[in-house]
Each structure stands twice: as C-alpha cells, then as structure tokens.
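Asker: Each chain, written out:
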Amino acid sequence: MSDTALDRVARATPPRVARRIRGFSDRAIAWIFVAPTIVLLLAINIFPLIWTIYLSFTNYRANRPNAVVEWVGFRNYQRILGDPEIWQTMQATAHFLFWTLFFQVLFGFALAWLINAKFRGSNLWTTIIVLPMMLSPAVVGNFWTFLYQPQIGIFNYAVAFVTGADPSSFSMIGDVRLAPWSIVIVDTWMWTPFVMLICLAGLRSIPESIYEAAECDRASKWRQFWTITVPMVLPFLMLAVLFRGIENFKMFDLVVQLTGGGPGSTTELTSINLKREAFEKWRTGYASAYAVILFVTVFGLASIYVKALNTVKNR
Amino acid sequence: MKTNARLLAATALVGLSTLATTGANAANLTLCWAAWDPANALIELSRDFEAQSGHSMSFEFVPWPNFADRMLNELNSRGQLCDLMIGDSQWIGLAAESGHYIQLNDFFDAEGISMDAFIPATVEGYSEWPKGTPNYWALPAFADVVGWTYRRDWFENPEIQAAFREAYGRDLDVPATQAELKDIAEFFQGREIDGRTVYGAAIYTERGSEGITMGVTNALYNFGFRYGSPDNPYDLEGYVNSPGAVEGLEFYKALYDCCTPPGSSDWYMSETIDAFRSGQVALQMNFAFIWPGVDQDPNVGGDRSGYFANPPGPDGHFAQLGGQGISVVSYSQNQDAALEYIKWFAQSEVQQRWWELGGFSAMNDVVLAPGFADSQPYAQTFLDSMEIVLDFWAEPTYAELLLAMQNRIHRYVVAGEGTAQEALDALVRDWTEIFEDDGKL
Amino acid sequence: MSSYSITEPSMRLKWIAGVLVVLYALITLVPLLWIIATGFKSSSDAIAYPPKVVFEPTLEGYVNLFTRQTRASAEQLSENPPTTWYEQIVHDNGMVISGPSRFGERFMNSVIIGFGSTFLSVFLGTLAAYAFSRYRIPLKDDLMFFILSTRMMPPIAVAIPIFLMFRAAGLSDTHAGMILLYTAVNLSLAVWLLKGFIDEIPREYEEAALIDGYTRFQAFVKVVLPQAATGIASTAIFCLIFAWNEYAFAVLLTSGTAQTAPPFIPTIIGVGGRDWPAVAAGATLFLVPVMVFTILLRKHLLRGITFGAVRK
Numbered sequence: 001m002s003d004t005a006l007d008r009v010a011r012a013t014p015p016r017v018a019r020r021i022r023g024f025s026d027r028a029i030a031w032i033f034v035a036p037t038i039v040l041l042l043a044i045n046i047f048p049l050i051w052t053i054y055l056s057f058t059n060y061r062a063n064r065p066n067a068v069v070e071w072v073g074f075r076n077y078q079r080i081l082g083d084p085e086i087w088q089t090m091q092a093t094a095h096f097l098f099w100t101l102f103f104q105v106l107f108g109f110a111l112a113w114l115i116n117a118k119f120r121g122s123n124l125w126t127t128i129i130v131l132p133m134m135l136s137p138a139v140v141g142n143f144w145t146f147l148y149q150p151q152i153g154i155f156n157y158a159v160a161f162v163t164g165a166d167p168s169s170f171s172m173i174g175d176v177r178l179a180p181w182s183i184v185i186v187d188t189w190m191w192t193p194f195v196m197l198i199c200l201a202g203l204r205s206i207p208e209s210i211y212e213a214a215e216c217d218r219a220s221k222w223r224q225f226w227t228i229t230v231p232m233v234l235p236f237l238m239l240a241v242l243f244r245g246i247e248n249f250k251m252f253d254l255v256v257q258l259t260g261g262g263p264g265s266t267t268e269l270t271s272i273n274l275k276r277e278a279f280e281k282w283r284t285g286y287a288s289a290y291a292v293i294l295f296v297t298v299f300g301l302a303s304i305y306v307k308a309l310n311t312v313k314n315r
Numbered sequence: 001m002k003t004n005a006r007l008l009a010a011t012a013l014v015g016l017s018t019l020a021t022t023g024a025n026a027a028n029l030t031l032c033w034a035a036w037d038p039a040n041a042l043i044e045l046s047r048d049f050e051a052q053s054g055h056s057m058s059f060e061f062v063p064w065p066n067f068a069d070r071m072l073n074e075l076n077s078r079g080q081l082c083d084l085m086i087g088d089s090q091w092i093g094l095a096a097e098s099g100h101y102i103q104l105n106d107f108f109d110a111e112g113i114s115m116d117a118f119i120p121a122t123v124e125g126y127s128e129w130p131k132g133t134p135n136y137w138a139l140p141a142f143a144d145v146v147g148w149t150y151r152r153d154w155f156e157n158p159e160i161q162a163a164f165r166e167a168y169g170r171d172l173d174v175p176a177t178q179a180e181l182k183d184i185a186e187f188f189q190g191r192e193i194d195g196r197t198v199y200g201a202a203i204y205t206e207r208g209s210e211g212i213t214m215g216v217t218n219a220l221y222n223f224g225f226r227y228g229s230p231d232n233p234y235d236l237e238g239y240v241n242s243p244g245a246v247e248g249l250e251f252y253k254a255l256y257d258c259c260t261p262p263g264s265s266d267w268y269m270s271e272t273i274d275a276f277r278s279g280q281v282a283l284q285m286n287f288a289f290i291w292p293g294v295d296q297d298p299n300v301g302g303d304r305s306g307y308f309a310n311p312p313g314p315d316g317h318f319a320q321l322g323g324q325g326i327s328v329v330s331y332s333q334n335q336d337a338a339l340e341y342i343k344w345f346a347q348s349e350v351q352q353r354w355w356e357l358g359g360f361s362a363m364n365d366v367v368l369a370p371g372f373a374d375s376q377p378y379a380q381t382f383l384d385s386m387e388i389v390l391d392f393w394a395e396p397t398y399a400e401l402l403l404a405m406q407n408r409i410h411r412y413v414v415a416g417e418g419t420a421q422e423a424l425d426a427l428v429r430d431w432t433e434i435f436e437d438d439g440k441l
Numbered sequence: 001m002s003s004y005s006i007t008e009p010s011m012r013l014k015w016i017a018g019v020l021v022v023l024y025a026l027i028t029l030v031p032l033l034w035i036i037a038t039g040f041k042s043s044s045d046a047i048a049y050p051p052k053v054v055f056e057p058t059l060e061g062y063v064n065l066f067t068r069q070t071r072a073s074a075e076q077l078s079e080n081p082p083t084t085w086y087e088q089i090v091h092d093n094g095m096v097i098s099g100p101s102r103f104g105e106r107f108m109n110s111v112i113i114g115f116g117s118t119f120l121s122v123f124l125g126t127l128a129a130y131a132f133s134r135y136r137i138p139l140k141d142d143l144m145f146f147i148l149s150t151r152m153m154p155p156i157a158v159a160i161p162i163f164l165m166f167r168a169a170g171l172s173d174t175h176a177g178m179i180l181l182y183t184a185v186n187l188s189l190a191v192w193l194l195k196g197f198i199d200e201i202p203r204e205y206e207e208a209a210l211i212d213g214y215t216r217f218q219a220f221v222k223v224v225l226p227q228a229a230t231g232i233a234s235t236a237i238f239c240l241i242f243a244w245n246e247y248a249f250a251v252l253l254t255s256g257t258a259q260t261a262p263p264f265i266p267t268i269i270g271v272g273g274r275d276w277p278a279v280a281a282g283a284t285l286f287l288v289p290v291m292v293f294t295i296l297l298r299k300h301l302l303r304g305i306t307f308g309a310v311r312k
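Residue numbers (this note's numbering), protein chains in the order written: chain A, 1 to 315; chain B, 1 to 441; chain C, 1 to 312.
Next up, chain A with everything else stripped away, as it sits in the complex (with noise of 0.2 angstroms):
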C-alpha cells in the first residue's frame, strides 16, 4: 500500500499518541465522529429552540429593551390559533406546498426517467437542467418580478406566443386568481432538478438482474414499470419529497422577494406571515409561540411521515 496521510500523521506523531488514534475502541470512535455534530446542532439549533419556547410565554418584545417582560401563559398561543388570518396563512402555505410537491414529483421523476434511457448526450442536458437550482433564491425571486412584468417581461409575451392571447390581458402577481400559481411555477421551475437527481440516484441504483430476471419471466415492459422501478424509486422519491417540503414549508427568500405576500394576503405563507409578527411587529413572545406552532406542526407531519418512509424502505 502507499503512503498515506494517515501513515504520515502516525510517522509524525509520538508512538503513544498515535496508538492512541489508532487503537480507538469502536465505541470511542463512534462518540468522536457523532459528538461535534451534536454539539453544533445542540447550540445552534436546539438551544435557540428552548430560548423560542421560553419567550412565547412572555409578552417580550425586541424592540422595547425597557419594558417590562411579562409571563402570560399560554394567552399567545391562544390569540394565535383563534386569528382566522392565521389559518389563512395555513392554507396559502399548503397550496404552494401540495401542488410545488406534485409537480415537482412529476416532472421530477418523468425526467429521471427519460435521462435514464441513457441517450447521447444526456450527461450534458443533465448538468444544463441543474443550473436553475443553483441559483440564489432570493436573487431569482427578484428577477422573476421582472420576467412577469406584463409590458417589459417575457413570461406573458411567451404565454401569448404560445396561446395567442394578448400578453398584457393579464398579470401572474397581480391577480388574485393566478398569484398563487405564480409561486408554484417559480419554485417548480427552480427544484425539479432536485428531486430529478434524487430519483436519477434511485433509478441507477436498481440493479440490471432483477430487470433481467423480469424479462425471463416475459413480464411486460409496463408490469416491470410499476413492479420493479416504481417501488424501487419509491424510497429516494420519498426522501427527495422530505426535503422539498420541509423547505417549501419554511419557504420565505423565493415568495418575499417574488409578491411580498400579496395580492392582499393571497400569497403570504406562514414564513413571511412570522416574519412580519417577529422582525416588523416586534412581538417577539406572540411570533415565537407562532415559531412553536409551526415547528410543531413540521415535526409532527414529518415524524409520521418518516415513519412510513422507513416501512418503505424496509419493505
């Protein structure tokens, strides 16, 4: 075997030091690799979370560091969940959330399939499908607000290329109607990529002898479809709709700079909803119950939801 860094360390290292490295008992290895990770989400994700937990009890406010903090019990919670423009934000949120999921699963894995029939070329379209989601969100969002401009954006005027109607007769972000759709395109057209190269991931990892044994057995190609490649796909499809809707749930940078939330409250998803309770408002207490709200709901849904994950993926 070569030299490696690991030999040159242990060449470079006191004798007893590095049988120390090299004599780790697995278990001491296992708590070395786990700890900084937990550390880390410990004081930066878990610690703030018990901080959000404990100010939504108070009637705290950022922005008056000399008023008096008060405790108020779960009087927060209670304005929250009565405020029916809250469940408003709920049910803008699970729009955008359903139907991004949907097409993004459809597109998404429509295209994995065909880039996996290996054609010439294919590598190359690949990587120039990837490039929208590398771009920044908020930077994208903001441009998009240019693209659907009626008089000086190209949306409208491709629309109307395609369907003959006249580009200014209508207006994604302005309508009430079509906002809510104007969302969805966007981050449609920015994360198929992502679930596209999850799915790839899942289609490659099938091996050619189950197909193989399908094909002896004259399974017809569309039973092989449905029998083989589907379930086989199912679990990376699965994780890839994890990670989109734990996003999209949370979603913020995309739709602020996009609509602002509007038409009227049209297209304001719970994020940005917090967003203005907690850094416009200021009501700190009230936006973090609001947080608490939130966070439960994402974990409980995710929770059940990784749960039928794992029976997928045990099956």
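Read the hints as simulated data drawn from the structure, not as lab findings.
Be a bit skeptical, because a hint or two may be false.
Stated by the list, open to error - Taking lysine-lysine and the DSS-like style, the derived pairs with C-alpha atoms no more than 25 angstroms apart in a straight line are:
| no. | chain 1 | residue 1 | chain 2 | residue 2 |
| --- | --- | --- | --- | --- |
| 1 | C | K140 | A | K307 |
| 2 | A | K221 | A | K313 |
| 3 | C | K222 | C | K14 |
| 4 | C | K140 | A | K313 |
Since chain A is already given, all that's left is putting chains B and C on it; use the hints.
Answerer: Coordinates of chains B and C only, in the frame set by chain A:
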C-alpha cells in the same frame, strides 16, 4: 447675556472639538442609511468632511425593503455598527422612547443650530418627538415628498390635445384636482402613442413594506381622511373611516382599476420609475428623490417630462411626506465625532452643495434663496409640495400601524376584497387594538 | 456491462427521451438566458416595452456592478474626459466613477462563507454518517430524526435568539459566525445523504481491512473514504448550493463586514430605479463559481448518483 453665555459655550465646544480632532483620536464614523440614489451623493458630499475633520467615514446602506428591519434590529440589540443614522421619519417615536438616539437640544443650543433654519414641516416630521414639542432627536437631512411626474411631450402634442379637448371639453394640462388627474389617466389608458399602447398612471401598490400606504394617503388626505380627532389623536372612529376617507379610498381603487398598467399590483419607487422611463405611462406618482434622475434620463428626460404637486381633492390639499433626519445613535462610541458631522452638515454652504449633488436639502437658506426655484425644472414643484405635507404615524408602534394599513388597503384596492367602508372600519379596529396594547387608550 | 443487454432501452425510446429532455432543458433555460442577456443590455433596453430580444450588447451593467458613481454636471464632464473604456461608458450616461462598489467584498464573503461551511459540514457530516452507519449507537433512529428535525425550524423563527446569542458571543456579522450557522443548517442534509452513501459500501471491505491488521480508524480513512468520495462530492454540491444562496439569515444577521452577495444583489440601484442590467450581471457572476464547482465535480455528481448501482 444669554446669547453671550451660549456663544461662550459654543466657542468652548468648538475649541474642544478642534482639540479633539487635532489630537490623535481621529474616529472612523459609520453612517447608516438606505441604499438609494441620494446615498451615493452623500458619500461625495462627505469627502469634504473627511478632509476638514481628519475623521474617516464608512457607510452602511441597506435597501429600502429591508432598511427598517435591519436597522431597527441593529438599534434594538444596541449595536455599535452605526454612529450616525439617517433613519426613517416614522421611527422617531420609537427611537426617542427607547433611547436609541441621543437628544440633540443641548447640542443645537451650544452650536447655535436653530431649527428655524429648516423647512417647518421637516422639523416636525423628522426631528420632533413628541410631535409639536421642541424636543429634537434629529437634524432634517433629506426632504422628500410624494409628487407627480408627467410626459410633457405627450401633453404638448397637438393631436393628443385635440383628442382630449373633444373627450373632456377642456384643455389637456397639469391636473388641478384629483378628479382631473383621474380623467387624464383614463384618457391615456390604452391609447396608441408612437405605435405602442400606453397607460394612464403608475401608482404605488406595493404590499411588502410601505408602498401602498405611501400612495393611498395622497388620495385619502385630500378627500377628508384624518389620523384622529384634533382633541385626542387616538380617537379614530369617524376620522379614519369618515365618509370622505371612504370616498378617497374608493377613488384610489378606481384609479388603480381604470388607469394603471396591467400587472402594477406590487409597485413601489423603482417599479413606477421603470414604467415611466420605458414610456409606458403618462403620469407617475413617486417621491421627489427620483426627479433628478428623470431629468437626466436619455428617453424621457429634459423637456419631455414635467412635474407637479399632488393636486387637491374635495376636502383638503396634502401630499405624503417622505424623507429623513440624521441622528446620533446612543450606543455609538464616537458620539463626539458624530456630532461634529452633524454640525458640519448643518452649514448652509454644505447644504447648498448637497442640493447641487442631488440631495434635497431641507434648509431655508438653500430652498428659499433667490434663484432656487429656477435652479432645476423640478425645484418649484418641490417647494410647492413641501408646503402641503402630512406624515403617517410616528408612534413607537408605527410598524404595527403600518402593517395593518398595508394589509387592509392592499386587500381592498388590489385583491378587491370587500368594500372601502369595511376596509377602513377594519383598520380602525386594528389600530385601536394596537393603541390599547400599547397603553395609549 | 456487457455490450448487449436486454434491459438496454430501444433506439426509439432513446430518441423520444432525448427530444423530451432537450425540450424541457431549453424551456428551463429561457429565464436563465434572459438573466444573462439582461446583464449585457443598456438600462433602457433592459426595461424596453415591449421586451427586446435583439439588442446592442454593452458592458454597462458590469461597469455599474463594480463601481460607484455620481452624477456630474456638463462642465465637470467636459473637464474630466474619460481615459478608459469603462469610464467612457459611465461618462456617456452623464456620470463619473467615484470608487469601487461593494460587490467585490460581498462576493468574497460568499466565497469564504460558502466554501468554508461546505467543507466543515461535509467533514463533520462524513464522520457522523459513518458512525451512524456502522455502529450501534443508542437511540440511533431518534438521533437521526433529531438531526433531521433541526432543519425543520423556519430560519425566521430562530433568528431572534440566534441574533442575541451571536451578539453576546461576538459572532454577529462575522465570517466565523456565518460559517458555523450554515454548517449547522447543512449538517442534517449532509448526515442524511452521506449515511445513505456509506450504507451502500459493503462492510466486507472494511472487515477485510481489519483482518489485514488495520485499525478501525485506518479502515475508515483508507477504505471507506475513497469509496464514499463520490457521495461526498455530491453532498458537497448540495451543501454549497444552500450556503452559497442562503438569504434569510444573511439579511437578518449580517451587515457591514460579513454580508454575502444574495441580500446585496437584488438591491443594486442605479439612477432612480433598480439597475436591472447590474442586478443581472451580479446574478450571472454569482452563478459562475457554483456552476464551475458542479461541472468540475460533474462526474462525481453523476457517478455519485449511480453509486448505489454497485450494491449487493
């Protein structure tokens, strides 16, 4: 006697500050403001200060949509990033009550800086808290007001003039009332000019920060909307939702529905100017700060554009105030140097140069000087507009008040939910709740 | 793979697949090309009504992106004739260059923070993923879920305590603070993805190495790491994409020193309105490093994805 004492104190202070600057402690001052056109001009202006004082200047400019969040975050956490803050006029109540800014009265007295030297509306709008009392927290730095820009070349086109006369029975001219303004916008909406379809007016409709509020108030004020009873500013019922206010809100929605470019549902300062510069609209609502840029524009600049103040309505003649004052942040380590900057900035020569660089000075010496009105094509309109300004709440809870208004107005005007009466009634409820929470009611 | 396989798709299917994928790619490219093209337009062409597809290219957007300018009077302009091509461009708009803009700094901040946090999260993530994959760790599934759950918190929700914490620790508006923050956010993705890749490496390889007298640690470095390289590379791409483009924390937690490019780019303003060509130029330049990184690691990305194929 008094003057003498003040003079002495002033001399002493000047002497001290001279000592300070000639001493080893040349400070590095950070000035925080919004990232926009005038900010670049301020960098230029400040070079003279750096040369004179020996201090060096750094600048932190945050774009408008994040400006309030970022800067208030900074102040709330007692950050020392900013020594000088050109904060928005509405923050003054919060900043004064929370102790973010230092009070400048003693300093003004000692330096002989008089608030009488500035346009009265800017002193009240940018410097005072509580309003109407001589407690100063800022020096008026940048005067700004909503006004209108119009396509003079279209207005002066004989064919268009003839068509307008035929349709409305009067000459096409700068509108004298809100109703005339709407007529003109309606007239241009959908008209073919130079082979393109053009539209009436670009107005503020932005949802995310403060856009639609800064726009709709220009109609509301002039139809009879008032922030509260003259006796008790927190008594809103019948003022915020008065019949006149309802009419004003309906007017703004009608203007939005009939006479704006398609897709102008989330427009603020930069979108309206884009629409105007690209030749889409005949009229543009915007803050005065854009006028120097319009005047220089290769497509619509020079003689092709004109300016007019927000026209009166049936019950008043007002325009929405913009602009900011400059304050010293109380968490700053360089307060003396920061005060030195304000003292330098308050000189009339500096203010004159400020105006020349494109900054709208609020100093009487500059704006009332003979020849000012002719110095730029928009100078007279600026003066007229500053006469009629009215501002949004400057209460410590201004952000909540603003968000409620953004929500209610945008829902009615752009999303078309409910009626104007319902929107303003809801606004009264929202605002009352905020004042109750704040202990003002 | 054999030269002929019965599972190999037919030529016809390949053709159809190729056409559909290329069609999708072309549609998806339009907005991107529009951004790139806008970067080469003059500011009036950028907002032309109707939009211009054919235009005279100019570097105005790029010049505006990198410089700060002030308006100058006609006399000032004639007194200071331009000496370079970029001064000429600015001069033609009635402006003079007054100094460099802050785009360069912001871009460097993005490089430091983006690559720094990517390295750290992949490094820590690999270690943790290996441990989770190979050892019996008590409450393993719960811990894995805990790691994932840290990604569920909306950034806005934790921003206030993090802001206060960072200020107390002196990490506010510092590169180190942002690197730590992005690392923490990315770790969950890194651990989950890498665990998947490491799970696929047959244990037999390490066991063989152990029998050859290697310690666990050596086996990890010499056997597992090279096998996982492709997985590590594709994880790094995902981490970099996130850290490079993050906006919510950056806009709330950074300002003068450590601000990255995403909060900066959408706010580039020119005369009066937003300077779309400069915004587009910034967006284009900002895309380049991630694109180069991805293309360099493209083989790894694609092979990383096919990695699972060797299993069992």
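Asker: Look at each hint and say if it fits the structure.
Answerer: Structure-based check of all given hints:
1. K140/C <-> K307/A: Holds, because 14 angstroms separates the two Cα atoms, which is no more than 25 angstroms.
2. K221/A <-> K313/A: holds (24 angstroms)
3. K222/C <-> K14/C: violated (40 angstroms)
4. K140/C <-> K313/A: holds (16 angstroms)
Checked against the numbered hints listed earlier, the structure breaks hint 3 alone; every other hint is satisfied.
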